[in-house]
Every structure is written in structure tokens, then in C-alpha cells.
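Residues per chain, in single letters:
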Amino acid sequence: MGHRVLVCDDAIFMRTMISDILTSAGYDVVGEAETGLQAIDRYRDLKPDLVTMDIVMPDMGGIDAVREILKQDPNAKILMCSAMGQQALVVEAIQAGAKDFVVKPFQPSRVLEAVQRVLG
Amino acid sequence: MDVRQYADLFLSESRDHLTAFNHLLLDWERDPTAQDPVGGIFRAVHTIKGMAATMGYQAVAELAHRLEDLLDLVRRGERAASPALFDLLFRAADALAKAVQDAVAGRESSAGALLAELQKHAGGEAVPASFESETYDGRLAFRIDTDADAAQIGQAIRTAGDVDAVEVAAEEAHDVVVEAVRARSIRVDQRRLDQLMNLIGELAIARGRLRTLTAKQDGPTSARCRW
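Chains as they are written, first to last, in our numbering: chain A, 1 to 120; chain B, 1 to 227.
With the rest of the complex left out, here is chain A (with noise of 0.2 Å):
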């Protein structure tokens, strides 16, 4: 049984990437979104294994959907996606519950790796 994963990211095109990359390896991409305000109404209603989370996003960014989720489950395990030179965002977005971060541009072996570490 392969875990249950949500994809949060604003572009269609990175959303598809992760998922192939995920999909290809065995994981089951249940849900994707694409603002903040999605990604914690979808992780309520999946309750996935793992989350990855893009850190800029119209509506409501990724480090304050991290808050929110985390709020509804402190055991949320969430996977950043950042992009090069985000460096402060992604030290607050761990700071704020984030377990790890991939940066883009992706290296599927680098994805899996991260998905694996969070996974545990």
C-alpha cells in the first residue's frame, strides 16, 4: 500500500512533475492544491500521509497554511518546496513544523530522498 500524499503548489506544472515523480515511485498522490486556504481545507478532508507544500502561493502562503495544519494535527508531515535563494522562508517554514524542503529546480532522486526522510 503506497502512501497517501497531497500536492500543494499554484502552478499546474509543478504540481504535475511532483506527481509523476511521486507516482512513478509508488506513492499515491490523493489530492493536489493550489493556495494555502486549499491545502488546509484538502488536508482535512484526506488526511494524507504526507504533504508537499510550495512556499509561495497567492491567498494564503505555505509557511501559514504549515501553521494551520499543524494546528489540526501536530503530527503532520509536511515537505517544503522551495525555490533557490528562499533561504529565510525556509528556515521560518521548518521553524513553523515543516519537516524537511526540497529546492527547485526538482531532482527526482533528490524528491524521493526528502519524501522518504519525512516519511521515516
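To be clear, the hints were calculated from the coordinates, so they are not data collected in a lab. Treat the numbers as computed from the prediction; the structure is a model and nothing was measured. Just so it is clear, CB atoms sit at the ideal spot from N, CA and C, and this is done for glycine as well. Heads up, a few of these hints could be off.
What the hints assert, rightly or not - To give a feel for the contact side, a few chain B residues facing chain A, derived at Cβ under 10 Å:
(1) V3
(2) L9
(3) F10
(4) E13
(5) S14
(6) H46
(7) I48
(8) G50
(9) T54
(10) A61
(11) H121
(12) A122
Fit chain B to the supplied structure of chain A, relying on the hints for placement.
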């Protein structure tokens, strides 16, 4: 992972973001004090950058990156939303759209001048020109290609502003082989020398600033900003 399978997706996503970029820019231009458009434009450019980097489209990623830097400064209130800025942003949006198309089609892309301009706007502080400084000795020198004689030139300059003395020296116009250079020489009507003086003044200011800026930086940057 072969990213080429995502090229169509990259193209359609980028087009959406570029459309948003242009719409927001128009909105913002109508009301330069509005805060929302900048954030939206920043995110659109940021997203294009991320996708381009993933696809290996370096030219697009670099252009988007420079644009992002400038937009970030504007977002934080460190650059004013002036007409010059809007003009630059509209041109940057066009350049970004072209870079995206070139990248997907596998064409070489070059936005060199625009990149330098974006960097100048992002990296430039208001540096005083040489003649704004305390040590300026009050002399301004320039060359002008004209049919007017020394007396006419001298007269025009003396009446152009706060001028103490004028020295006019004649120089043989050089015979140049290149067509383009020959095309650059013009007949100057004496009356137009006034206007020309103003423009030359502005040019001197810009040149002085640029010189000072490139003198402060070394390496790749000053190599690109060769004036």
C-alpha cells in the same frame, strides 16, 4: 526524468502567467499606489522562473530572476513606481514572453541589454554625478558634429545657461569606413543647439552615474556594462 514531456505544460502555464503579468501591470499603472498588483506580478514571474529552471531554460530563468529582484525592491518600497519603471516592466514582460517561446522552440535567446537595464534599476542607488560632488571643478567638455561655425556654437552655449566661458576648438571630422557611423553625423540648426545642450547635460549625468557604478563593481558586471 525527461523534462521535454512537460514543455507544452510549461508553455501554457507560462502564457497564463504572462497574461496575468500584463493585466496586473495595466491595473497598477492606472493606480501606482496600489499594493496588490506588485505581489501578483512578483508571483507570476517567480512561478515562471521556477518552471523555467526546472526545464533547463536558463535564459528565461535568468531574465525572470532579474525581474523578480527588481519587483521585490518595488514591493518593499525601495523603488518608486515611476513611468520609467512601468515602461521597463512592459518591455520586460514582452522580453520574457519572447524568451519563453524561444526556449520551447529550442532557439537561442538574448535579452542582454534588458538584463543590464533591469540590474541597473535593481542595483543602482542614487549616486551623485561627478558634477554634483563637492570637488567638481566646473568644467564640462564634449564633442559635437555640426555645420555651425565656432562663433555660432560659442554663442549658443553662452546663452544656454549659467556659463562663464566657452572654448571652441575645431576638429576634423574623421573619415570612417562604416556606413552606420557616417549616418550619425547631422546638420545642426543653431536654434536646436539649446535643446541639444540640455540633452547632453542629461547624458553626462547618466554616464557619470554609470561610470561610478561600474567602477564600484568588478568582474562580470562591469564587463557587461561597457559604455
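Verification of the hints:
no. : hint : in the structure
1   : V3   : holds (8 Å)
2   : L9   : holds (5 Å)
3   : F10  : holds (6 Å)
4   : E13  : holds (4 Å)
5   : S14  : holds (8 Å)
6   : H46  : holds (6 Å)
7   : I48  : holds (9 Å)
8   : G50  : holds (5 Å)
9   : T54  : holds (4 Å)
10  : A61  : holds (9 Å)
11  : H121 : violated (19 Å)
12  : A122 : violated (14 Å)
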